[in-house]
Amino acid sequence: MSPSELVSPPAPPSVWHMYRAMVGVGVFCGLLIVSVFQVTLPVIERNKAEALQQAIFHVLPSARTSAAYRLDEAGGFKLLEGDAAGEQLVYAGYDEAQQLVGLAVQAQGMGYQDVIALIYGYSFTEQAIVGIQVLESKETPGLGDKIETDPAFLENFKGLDVSVRGDGSALANPIVPVKHGEKTKPWEVDGITGATISSVAIAALLDRSAEYWVPRIRSNLGDFQGEE
Amino acid sequence: MADDSLWTIFINASLVNNFVLAYFLGICPFLGVSSKLETASRMGGAVTFVMLVSSICAFGIQALLVAIDAPYLKLIAFIAVIASTVQLVEMFIKKVSPALFRSLGIFLPLITTNCAILGLALFQTNKGYSFVQCIVYALGAGAGFTLALVLMAGLREKLELAEVPDVTKGTAMALMIAGLLSVTFMGFGGLGG
Amino acid sequence: MASSKSSTDEFIKGLWKENPVFVQVLGMCPVLAVSNTAMNALAMGLATAFVLVMSNIVVSSLRTFIPKQVRIATYILIIATFVTVVDYVIQAVSLELYKALGAFISLIVVNCLILGRAEAFASKNTVARSTMDGLGMGIGFAFALFCLGAVREILGNGSLFGVALFHDSFQKWVVMILPSGGFFTLAAWLLLFNWLKQRKAKKEATATLALRKEVA
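So the protein sequences, as listed, match chains A, B and C.
So for the first sequence, my numbering puts the first residue at 1; every next one is plus one.
So for the second sequence, my numbering puts the first residue at 229; every next one is plus one.
So for the third sequence, my numbering puts the first residue at 422; every next one is plus one.
For the record, the hints were derived by calculation from the structure and aren't laboratory data.
One or more hints might be untrue.
Part of the chain C face toward chain A, derived, beta carbon under 7 Å [said to hold, decoys possible]:
{"id": "1", "residue": "Pro488"}
{"id": "2", "residue": "Gln490"}
{"id": "3", "residue": "Ile493"}
{"id": "4", "residue": "Thr495"}
{"id": "5", "residue": "Thr505"}
{"id": "6", "residue": "Ala513"}
Each computed DSS-like pair below joins lysine-lysine, with the alpha-carbon atoms no more than 25 Å apart [to be verified]:
{"id": "7", "chain 1": "A", "residue 1": "Lys138", "chain 2": "B", "residue 2": "Lys397"}
{"id": "8", "chain 1": "B", "residue 1": "Lys397", "chain 2": "C", "residue 2": "Lys621"}
{"id": "9", "chain 1": "C", "residue 1": "Lys545", "chain 2": "C", "residue 2": "Lys624"}
{"id": "10", "chain 1": "B", "residue 1": "Lys355", "chain 2": "C", "residue 2": "Lys520"}
{"id": "11", "chain 1": "A", "residue 1": "Lys48", "chain 2": "A", "residue 2": "Lys138"}
{"id": "12", "chain 1": "C", "residue 1": "Lys593", "chain 2": "C", "residue 2": "Lys434"}
{"id": "13", "chain 1": "C", "residue 1": "Lys624", "chain 2": "B", "residue 2": "Lys397"}
{"id": "14", "chain 1": "C", "residue 1": "Lys593", "chain 2": "A", "residue 2": "Lys138"}
{"id": "15", "chain 1": "B", "residue 1": "Lys355", "chain 2": "A", "residue 2": "Lys48"}
{"id": "16", "chain 1": "C", "residue 1": "Lys434", "chain 2": "C", "residue 2": "Lys623"}
{"id": "17", "chain 1": "C", "residue 1": "Lys545", "chain 2": "B", "residue 2": "Lys322"}
{"id": "18", "chain 1": "C", "residue 1": "Lys623", "chain 2": "B", "residue 2": "Lys397"}
{"id": "19", "chain 1": "C", "residue 1": "Lys621", "chain 2": "C", "residue 2": "Lys434"}
{"id": "20", "chain 1": "B", "residue 1": "Lys264", "chain 2": "B", "residue 2": "Lys355"}
{"id": "21", "chain 1": "A", "residue 1": "Lys158", "chain 2": "A", "residue 2": "Lys185"}
Here the structure is a predicted model, which means the values were calculated and not measured.
Ideal Cβ positions, reconstructed from N, Cα and C, are used throughout, including at glycine.
Next comes chain A alone, as it looks inside the complex (with noise of 0.2 Å):
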């Protein structure tokens, strides 16, 4: 006989003991994970925010101060009040004067590696997009992330033109890309060379965002100005 069997094996554990541990173990990290959730949740938010704000006053340059606005069932404006979740928002920027600059807006779609997200943004008097700022994306380094440094990429959106047609329903000239070099209209966006599928992407994703939103912006233009 081995040394071993002349030991008796321990009693198993009764079920209380697997269900204290459980519970218990349950409690504990319960707890842990809410009060360290109720404490970083404020700050969170708060650099949230605070980096949403960058971003709209780097879009808006003359901007200073800026409002968030919820597309309501009518198809106008109101003043977002509460909970952003499931709305469609837009952010209103305005300068010292409290004059309105133009509109940020966020849009997103398909780049060449995986999903892209940006915010642009709109100028009521120029009618055109008058910057862009990327916010996610994961194309190729080296190549697709091009479109958030290079120069001359980003200059097609200082003034890229959206105006509308006459009845205001739809973009005159939709967004369209070009190739490097071949810009001769102002509502053409010219490519990174090498990174192609990039800035495709950028156009298509800006020339849908646009033909939905500026019609929708300009027809309501009202909603914006002087609502306190």
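Using the hints provided, position chains B and C relative to the given structure of chain A.
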């Protein structure tokens, strides 16, 4: 994104952003099980199945958590579901095909720690896919995982017979092959868009 | 033999001899995915180390309380809790870092290293020892990740921690930042480790041989 076509999602998950070769998920089984072609394909099948079930459950859980406003429970809920699914699959395979169960051995319970499955649940939640999109995503991811595993196994089987420097034997060689496979899969880029 | 190990020994073994990445080859998924820059790699390594130490401590303190049958489930619950905590803390501290690391923070929970240490060590040793073990393995892991990230960033971006190292004319090896670069870099480090091991083994073999010849 939420308006991606189903075909785009499938191609994306299986080829363009292959879970193993682009996202580095599921490396442990990838390096561990890929020495024999047969085990590799069976593992791939098991993983695809678990992915499918987990994906559906994750979709449900996410909806529930949003309803009760407890987003911080997401991780725990997901991992619990995955562990249970693997347990159930294990019991099912044991009953239906004991031979398969024996050949998969230790690797079956190891699917629980397979980052690919948890990764799938997390990614689909972040992307906000609908129910049907989730299913296609899971199938695509599983297909891509199986493909990578089978390719790797085929290559490694051949390598067993080749002469390689001593220092590279084992994991180092496997990783170099994986790197080359990853480069080739990059050629799929742009297919989805 | 094992009982004569001091706490420091438990700590040191994780750094080199039993390094989780280079020797045990555990926890690979996040290693390759987020090691494209030194900063990301280090952050990921430290986050994993934190979860490892905390879970080791908790598992060790509760080791007599948790019955064998439910141990894996409770370990996973504990690990998932700390990962969730780390997730929120990183989000609060740096939104940018969080965006870079993304879902991989949550994936720490399936890092075989942490569950492995809980099962193999923390459940059978004192809290003090387990803490040391966790610290050693964790720092060893972070160190390995840093090695990977540094090489990838230096070759792939010509910088370290975002600081440009070379002149503009340096041709970046973009492949290093891509997933394939991760595989290649890790393979290279493993190669180096294997070579060092073999050289050491050879030295010891020749030394023993010489000793035998002397004695004979």
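So, going through the hints one by one against the coordinates:
{"no.": "1", "hint": "Pro488", "result": "holds (4 Å)"}
{"no.": "2", "hint": "Gln490", "result": "holds (6 Å)"}
{"no.": "3", "hint": "Ile493", "result": "violated (12 Å)"}
{"no.": "4", "hint": "Thr495", "result": "holds (5 Å)"}
{"no.": "5", "hint": "Thr505", "result": "holds (5 Å)"}
{"no.": "6", "hint": "Ala513", "result": "holds (4 Å)"}
{"no.": "7", "hint": "Lys138(A) / Lys397(B)", "result": "violated (34 Å)"}
{"no.": "8", "hint": "Lys397(B) / Lys621(C)", "result": "holds (17 Å)"}
{"no.": "9", "hint": "Lys545(C) / Lys624(C)", "result": "violated (36 Å)"}
{"no.": "10", "hint": "Lys355(B) / Lys520(C)", "result": "holds (14 Å)"}
{"no.": "11", "hint": "Lys48(A) / Lys138(A)", "result": "holds (20 Å)"}
{"no.": "12", "hint": "Lys593(C) / Lys434(C)", "result": "violated (36 Å)"}
{"no.": "13", "hint": "Lys624(C) / Lys397(B)", "result": "holds (20 Å)"}
{"no.": "14", "hint": "Lys593(C) / Lys138(A)", "result": "holds (18 Å)"}
{"no.": "15", "hint": "Lys355(B) / Lys48(A)", "result": "holds (18 Å)"}
{"no.": "16", "hint": "Lys434(C) / Lys623(C)", "result": "holds (22 Å)"}
{"no.": "17", "hint": "Lys545(C) / Lys322(B)", "result": "violated (32 Å)"}
{"no.": "18", "hint": "Lys623(C) / Lys397(B)", "result": "holds (17 Å)"}
{"no.": "19", "hint": "Lys621(C) / Lys434(C)", "result": "holds (17 Å)"}
{"no.": "20", "hint": "Lys264(B) / Lys355(B)", "result": "violated (35 Å)"}
{"no.": "21", "hint": "Lys158(A) / Lys185(A)", "result": "holds (13 Å)"}
When held up to the earlier numbered hints, the structure conflicts with 3, 7, 9, 12, 17 and 20 and fits the remainder.
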